[in-house]
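**Student:** Spelled out from the first residue to the last, the chains are:
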Amino acid sequence: MMWGLLASFDDAAALARAAFHLREAGYRRFDTYTPYPLDEPADVPGTPRSHIASVVFAAAIAGAIGGYAMQWYLMVVAYPINVGGRPLHSWPAFIPITFELMVLTASVAGVVTLLARNGFPRLHHPLFAVPGFERASQDGFLLAVEATDPMFSPLPTRRTLEQSGAREIYEVDGA
Amino acid sequence: MGTALSHATVPPAAPVVASGTTERDVVERVSAVVLARRAPLWWYAAAAMAAPLVGLLGVATLWLFVAGIGIWGVMRPVMWGFAIANFVWWIGIGHAGTLISAILLLLHQSWRESINRLAETMTLFAVMCAGIFPILHLGRPWFFYWLVPYPAQMAIWPQFRSPLVWDFFAVSTYFTVSLLFWYVGMIPDLAILRDRAGTRGARIAYGILALGWRGSGEHWRRHHRMYVLLAGLATPLVVSVHSVVSLDFAYAMVPGWHSTILPPYFVAGAIYSGFAVVLTLAVPLRRLYGLTDIITSRHLENCAKLLLATGEIVAYCYVMEHFMAWYSANPFDAALVENRAFGPYAPLFWIYLVCNVLVVQALWVPRVRRSPVWLFIIGALINIGMWIERVDIVIVSLHRDFVPSAWGNFVPTIWDWATLAGTIGFFALAYLLFIRYLPLVAMSDMAKLIADLRGKPAAARHG
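One line per chain: the protein sequences are W and G, in this order. All residue numbers for the first sequence refer to numbering that gives the first Met the number 0, where the first residue is 0 and numbers rise by one. All residue numbers for the second sequence refer to numbering that gives the first Met the number 0, where the first residue is 0 and numbers rise by one.
If you are wondering where the hints come from, they were derived from the structure by calculation, not from laboratory data. We put the beta carbon where it would ideally sit given N, CA and C, even for glycine. Do not take every clue at face value.
To be verified - Coverage of chain W stretches by chain G, computed from C-beta distances (three or more under 8 Å per stretch; other residues unrestricted):
id, region
1, 24–35
2, 61–75
3, 148–156
To be verified - Where chain G lies over chain W, by a calculated footprint (3+ residues, C-beta under 8 Å):
id, region
4, 84–94
5, 107–113
6, 119–127
7, 167–173
As the list claims (entries may be wrong) - Simulated restraints on C-beta separations:
id, chain 1, residue 1, chain 2, residue 2, range
8, G, W41, W, R166, 25 to 31 Å
9, W, A115, G, M319, 47 to 53 Å
10, G, W41, W, G131, 34 to 40 Å
11, G, T291, W, R166, 32 to 38 Å
12, W, L87, G, A151, 49 to 55 Å
13, W, A77, G, Y326, 20 to 26 Å
14, G, W41, W, L87, 20 to 26 Å
15, G, I207, W, A57, 50 to 56 Å
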């Protein structure tokens with residue numbers, strides 16, 4: 000069972016051109032593999048928007064409300080300590096921990112989302128079996144089209160990649 | 000004419016990356032440090048010096064658990080002693096790491112790329128060293144978890160109006176967020192090590208740590224987004240952490256502590272001491288590992304400028320602290336200032352003034368800012384000066400407060416010094432292990448920077 004086709008390119012510019020070419024041709028399930036992030040055009044049609052920012056924002060709000068509510072409940076309801084008649088709901092004193100818990104929940108939720116959306120940890124992947132894929136982290140500029148793409152068909156896709164300027168093309172075996 | 004003259008007198012600043020350095024050079028040189036079969040000789044020598052100190056920390060901690068905090072010099076009225084001063088010092092050191100990695104990222108200061116990993120790691124280990132002290136100082140350290148709000152059998156809860164509880168939340172949040180920031184930033188580099196590792200064991204170890212990073216466009220997009228978000232979260236966090244630390248002091252009705260200047264004063268001092276440590280780490284490391292093309296004198300100079308700027312803020316805080324003592328016409332504050340400058344601990348005051356205010360002025364001279372040797376010496380002096388300042392803040396305010404019958408002096412014992420030396424050893428050993436097993440420079444960020452500097456994203460790399 001074939002997972003897809005992997006193509007290598009000369010440099011980031013050639014790779015970017017090829018990605019654009021494939022998208023024009025109607026491919027959607029493909030991705031680039033590079034040692035550092037490419038400067039991508041502002042909005043490529045069909046690129047899914049990352050949800051991380053909204054998750055972080057929601058977690059920050061939840062952390063702040065939860066942190067404040069915890070302190071209010073514990074200091075006012077569960078364990079009230081009367082110090083010379085001072086108000087139990089002393090909100091300014093609750094702000095530092097509210098802030099810290101906001102940052103903590105937002106950061107942890109964001110990183111968990113990052114890992115989950117990237118499918119991490121995933122130590123095996125069909126691409127890792129391709130000889131030369133290890134260059135993607137160092138100096139390779141690669142592009143893989145997945146076989147699940149509706150447009151995918153081994154020979155025509157290979158031809159499209161060749162026309163896009165691919166230097167070498169490898170078949171990627173599925174797991 | 001004017002420009003010609005200025006060019007003649009002021010040599011141009013060094014570049015962020017030495018010219019001719021390619022992405023490939025960065026990856027090869029940085030990963031060679033980690034993947035070399037044997038560490039260099041100096042590494043073993045340094046580890047052999049640090050390891051006994053870690054043992055000393057173990058012994059000092061064990062003896063503390065057996066005998067109690069009476070083994071330290073803490074005694075009425077100075078119940079805080081070295082433990083709290085060391086805590087403030089260590090956690091302050093960490094702050095420059097967050098500043099370099101988070102704030103400079105948000106400000107698009109791309110020169111940070113080659114020193115951010117170094118500084119973030121410093122943060123991580125410094126916060127670990129800091130965290131040890133308040134726990135040891137508890138007297139019954141095994142009950143430290145009482146600071147956590149959990150439904151205990153005793154049906155009691157932490158006092159959330161206390162800065163000590165704020166501290167617990169602030170420091171543990173700071174450590175967690177620093178760790179996440181450090182690790183998330185390192186995932187692409189761990190993938191590089193996985194792909195370059197020569198032995199199967201190393202490939203498996205780095206492979207697990209890299210979590211399956213493939214550098215796909217999706218990975219990078221989410222990674223970048225989260226990295227910037229973490230930077231945005233860490234930036235106010237770092238200010239909040241040392242402000243909360245300062246509130247441990249400012250909350251108390253003690254002369255010299257009970258002041259609104261303390262939060263900014265502590266934050267400025269923290270960043271100041273942190274930059275000093277960055278310089279004392281970066282100067283030898285770039286030389287020992289031949290990374291002078293990657294960590295150029297431009298980085299050192301920029302750090303020196305930040306050191307100078309924060310040094311001036313610290314000097315301003317010193318001036319204001321003493322001005323307000325006079326201006327407030329509070330006799331206790333005035334007595335504190337006099338006692339600080341001429342009392343039994345006067346040498347501490349004058350030493351830290353020299354180290355923190357006088358020495359740093361040398362950085363106005365460009366020649367000094369570009370000399371690694373001078374930067375190392377100045378950084379080391381500021382480290383010492385900032386430690387003395389923290390000790391001075393703790394001791395001088397406590398040892399003579401309102402009622403002369405309650406006065407007393409603090410004299411550190413051998414165990415005070417042993418614990419301090421032990422944490423320095425722990426920091427050194429942890430750092431040595433880090434540079435041996437993890438990438439010292441953010442390789443993928445550097446590669447991106449080099450590609451961007453070249454104007455056209457990445458040209459010839461098939462070599």
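**Student:** All hints, please: hold or fail.
**Tutor:** Checked hints:
1. 24–35: holds (count 6)
2. 61–75: This one holds; 4 residues, not fewer than the three required, reach chain G with a Cβ under 8 Å.
3. 148–156: Violated: only 0 residues of the region 148–156 of chain W have a Cβ under 8 Å from chain G.
4. 84–94: Holds: 3 residues of the region 84–94 of chain W have a Cβ under 8 Å from chain G.
5. 107–113: Since 5 is at least three, the answer is holds.
6. 119–127: Three-residue rule met by the region 119–127 of chain W, so holds; n is 8.
7. 167–173: violated (count 0)
8. G:W41 to W:R166: 25 to 31 Å: 43 Å, violated
9. W:A115 to G:M319: 47 to 53 Å: The hint (47 to 53 Å, Cβ to Cβ) holds, given that W:A115 and G:M319 are roughly 49 Å apart.
10. G:W41 to W:G131: 34 to 40 Å: Check passed, 37 Å falls within 34 to 40 Å.
11. G:T291 to W:R166: 32 to 38 Å: 35 Å, holds
12. W:L87 to G:A151: 49 to 55 Å: 20 Å, violated
13. W:A77 to G:Y326: 20 to 26 Å: Since the Cβ atoms of W:A77 and G:Y326 sit about 45 Å apart, the hinted range of 20 to 26 Å is violated.
14. G:W41 to W:L87: 20 to 26 Å: Cβ of G:W41 to Cβ of W:L87: about 60 Å, so the range 20 to 26 Å is violated.
15. G:I207 to W:A57: 50 to 56 Å: 30 Å, violated
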